[in-house]
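A.B. asks: Please take these sequences and the hints and turn them into a complete structure.
Just so you know, the sequences run in chain order A and B.
Each residue of the first sequence is one higher than the one before, starting from 254 at the first, in the numbering used here.
Each residue of the second sequence is one higher than the one before, starting from 7 at the first, in the numbering used here.
Just so you know, not all the hints are guaranteed correct.
To be verified - Derived DSS-like pairs: lysine-lysine, alpha-carbon spacing no greater than 30 Å straight-line:
1) Lys-264/A with Lys-520/B
2) Lys-445/B with Lys-520/B
3) Lys-287/A with Lys-348/A
4) Lys-520/B with Lys-420/A
5) Lys-349/A with Lys-264/A
6) Lys-26/B with Lys-566/B
7) Lys-520/B with Lys-566/B
8) Lys-26/B with Lys-518/B
9) Lys-287/A with Lys-26/B
If you're looking for bench data, these hints aren't it; they were derived computationally from the structure.
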Amino acid sequence: MSQGIKTVLNKPWIAGQTEEDLFNGSTFDVPTSKVGLRVFFFVATALFLLFISSYRLRMGYEDWVPVPKLWQLWLNTGFLILSSIALQWAANVAKKGSLDTALLAFGIGGLTTLAFLGGQLWVWSELTTLGYYVEGNPANSFFYLITAVHGLHLVGGLVAWVRTAFKLRSSTDVDSATISLELCAVYWHYLLVIWAVLFYMLLST
Amino acid sequence: MAYADQDTGQHHGPDGFVWKYIFSQDHKVIAIQYGLTAIGVGLVALVLSWLMRIQIGYPGALEFIDASSYYQYVTMHGMIMVVYLLTALFLGGFGNYLIPLMCGARDMVFPFMNMLSFWFYFVSVLILMGSYFVPGGPTGAGWTLYPPQSILPGTPGSDWGILMMLASLGVFIIAFTMGGLNYVTTVLQARARGLTLMRLPLSVWGIFTATVLGLLAFPALFVSAIMLLFDRLLGTSFFMPYIVSMGQALDYGGGSPVLFQHLFWFFGHPEVYIVALPAFGLVSDVLSVHARKNIFGYRMMVWAIIAIGAISFIVWAHHMYVSGMNLALGYFFATTTLIIAIPTAIKVYNWVLTLWHGNIRLNTPMLFSIGFISTFLIGGLTGLFLGNVAVDIPLSDSYFVIAHFHMVMAIAPVMVVYAAIYHWYPKITGRMYNEALGKFHFWSTFIGTYLIYFPMHYLGFEGMPRRYYAYEGYEFISDSAAGLNEFITIAAIVVGVLQVVFLWNIFYSALKGKIADGNPWQATTLEWFTPDTPPCHGNWSDELPVVHRWAYDYSVPGAKTDFIPQIQPHTPDEPVHEEGNH
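C.D. replies: This is how it looks when you write it as structure tokens:
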């Protein structure tokens with residue numbers, strides 16, 4: 254019987270339940286910080302889904318004029334993919350104890366993220382040069398808003414990236430640094446998936 | 007910090023006033039900070055309600071109240087009470103205090119983030135209060151902040167007030183998210199050995215589920231607030247349609263105000279349950295302890311909480327029947343609204359059945375709990391009227407709606423707030439409150455709130471609309487309404503003033519009250535078995551508690567006492583309980 258069904262059918266009022274007495278207190282057998290991050294993913298996903306729903310609803314109106322699909326967006330997507338790969342590489346080698354290589358990969362991850370963010374600003378600049386201002390059309394407004402919210406999530410990630418970089422450099426608490434690396438990698442993967450969905454949505458309209 | 011990761015050994019708190027009481031990372035201090043800030047800002051909202059009532063009962067009596075200030079009172083009163091008082095008090099206050107203690111943890115799993123959560127909340131309150139000091143004053147757009155009127159000239163506070171409100175909400179949501187991540191992760195990962203999910207007290211279940219709702223619903227408010235800010239500051243048209251104002255066509259065009267309403271109520275309706283579910287949980291525990299009976303239908307109560315939480319996300323558009331909606335959609339939302347009444351009714355039946363044949367102690371927490379059942383039932387039943395499209399449309403925007411939502415999500419939760427404060431007061435302060443004053447507080451509040459809100463149902467049936475600044479000169483409002491409004495105003499002021507009795511009781515008793523025993527109610531749950539009362543930093547001594555049973559072993563047949571603590575191991579000679587015994 255699965256754990257979920259057992260929970261539903263459990264009769265807690267019966268005393269002397271040996272199996273329950275032995276329960277160790279944690280619902281998931283992973284570090285707490287990883288559980289916390291996954292809970293945050295639910296919140297962030299709700300946020301992006303609401304933006305996506307609003308976008309889909311608003312684009313049905315007659316005044317919708319899609320923004321041009323600039324080639325820089327593809328380049329930026331490439332940078333984000335690279336940063337995600339680099340951070341995963343860092344997490345993998347850190348687990349094996351190669352902290353120097355991990356630091357190198359981690360650095361590449363950070364730099365490519367900065368390149369992504371810089372690229373997004375470049376896209377904004379191009380759009381304004383072409384006359385696509387934020388208030389010009391709802392499609393423009395959504396484009397600026399959604400890319401800004403996604404970018405801010407990455408900026409938040411970079412704060413964690415800086416903290417983790419310090420941990421890695423000091424090398425005093427390798428276990429903690431490794432967990433932080435893994436958390437960074439997972440967070441970047443998550444934001445890559447979110448960007449892929451947003452990018453598809455922006456391209457398909 | 008899973009169970010196994012928690013440090014052993016008693017935690018010694020930080021030294022120095024600032025780190026111990028201001029920037030504390032102790033969940034209990036943070037809970038009290040949340041509680042006092044919420045009550046403080048709630049008192050501001052109470053005074054605003056008096057000003058509103060004086061204008062309605064005695065139009066023109068206070069010269070400084072004009073139409074603009076009246077709408078500002080309405081808006082600030084609503085937003086403060088719903089978000090900054092009730093949400094903050096139930097989750098930031100009770101959630102912070104009770105989750106680690108009831109789960110047998112030393113603290114929240116992310117204490118630093120927990121501290122930040124409070125300070126972000128505090129800043130959000132400062133920003134909100136700051137809107138009284140900006141040009142034009144706070145927004146008067148109504149607590150729903152509906153565009154286009156909320157950001158257009160003519161609405162009070164459309165220059166600065168609305169910006170302050172949206173900024174404050176944004177900061178509040180960040181604060182809530184940091185707190186919420188803590189509450190959820192602590193419940194999932196930092197429970198005591200033996201404390202399975204189905205052995206958790208219902209207080210934890212209620213707070214946990216409400217937090218999950220908040221984490222998923224507040225983003226909708228965040229999204230709508232950001233988009234409204236864009237419309238106001240950058241001239242975008244997310245929500246703003248083509249508008250001609252004072253003969254001038256504005257630059258806006260093509261936006262959808264109804265989109266804002268959908269986003270707002272996608273947050274707004276779960277918000278009702280973000281307030282109600284913790285109240286459901288807390289009142290279940292208070293009822294069970296003071297009735298000396300196990301909660302009736304524990305398993306059903308847990309699943310009712312989860313079911314209500316889930317269904318609360320598919321009822322939001324019942325707030326929008328008059329916004330222009332496809333008939334089929336209205337029918338769908340009316341149906342889901344009626345469906346959510348089923349698990350809610352199960353809970354009410356179970357509370358009443360918990361009282362049935364109980365050895366009831368009619369003390370202050372119990373009185374407030376029974377008061378909750380009464381007010382929640384009345385408010386819930388009028389919800390059935392308003393949930394149906396055909397009945398809602400004539401009653402919409404009338405005083406019937408005011409009466410309904412105040413009974414169900416203002417008075418009922420506040421009854422639980424009082425019940426819970428009195429119930430856990432001995433643990434929080436280490437002293438007993440004054441019982442006679444507590445009972446006086448209950449009866450004056452209970453009778454008083456009925457005197458305020460019962461007549462409003464009648465006014466609503468009569469057709470008296472809400473949100474009107476002045477009621478003179480409308481033929482469809484009878485003369486008797488004026489007398490009734492005077493009566494309600496007097497009742498509101500008297501009941502409000504009598505809350506001083508509560509404030510006196512909790513502050514005076516904290517200094518001079520009788521020293522409390524660690525477990526004065528003979529309760530079973532973990533928080534009553536801390537080595538110190540009030541609990542020290544880190545809550546427990548060297549050993550963390552170990553749980554051996556559920557939270558409701560009261561009046562167990564054959565047991566020596568009428569309660570068996572959760573930490574008491576099962577003994578071979580203990581009577582084996584069959585389902586029928588409970």
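A.B. asks: Could you run down the list of hints and mark each one as holding or not?
C.D. replies: To see whether the hints hold, each was checked on the structure:
| no. | hint | in the structure |
| --- | --- | --- |
| 1 | Lys-264/A with Lys-520/B | 39 Å, violated |
| 2 | Lys-445/B with Lys-520/B | 17 Å, holds |
| 3 | Lys-287/A with Lys-348/A | 16 Å, holds |
| 4 | Lys-520/B with Lys-420/A | 51 Å, violated |
| 5 | Lys-349/A with Lys-264/A | 45 Å, violated |
| 6 | Lys-26/B with Lys-566/B | 42 Å, violated |
| 7 | Lys-520/B with Lys-566/B | 28 Å, holds |
| 8 | Lys-26/B with Lys-518/B | 23 Å, holds |
| 9 | Lys-287/A with Lys-26/B | 29 Å, holds |
In the structure shown, a violation is registered for the earlier hints numbered 1, 4, 5, 6, in ascending order.
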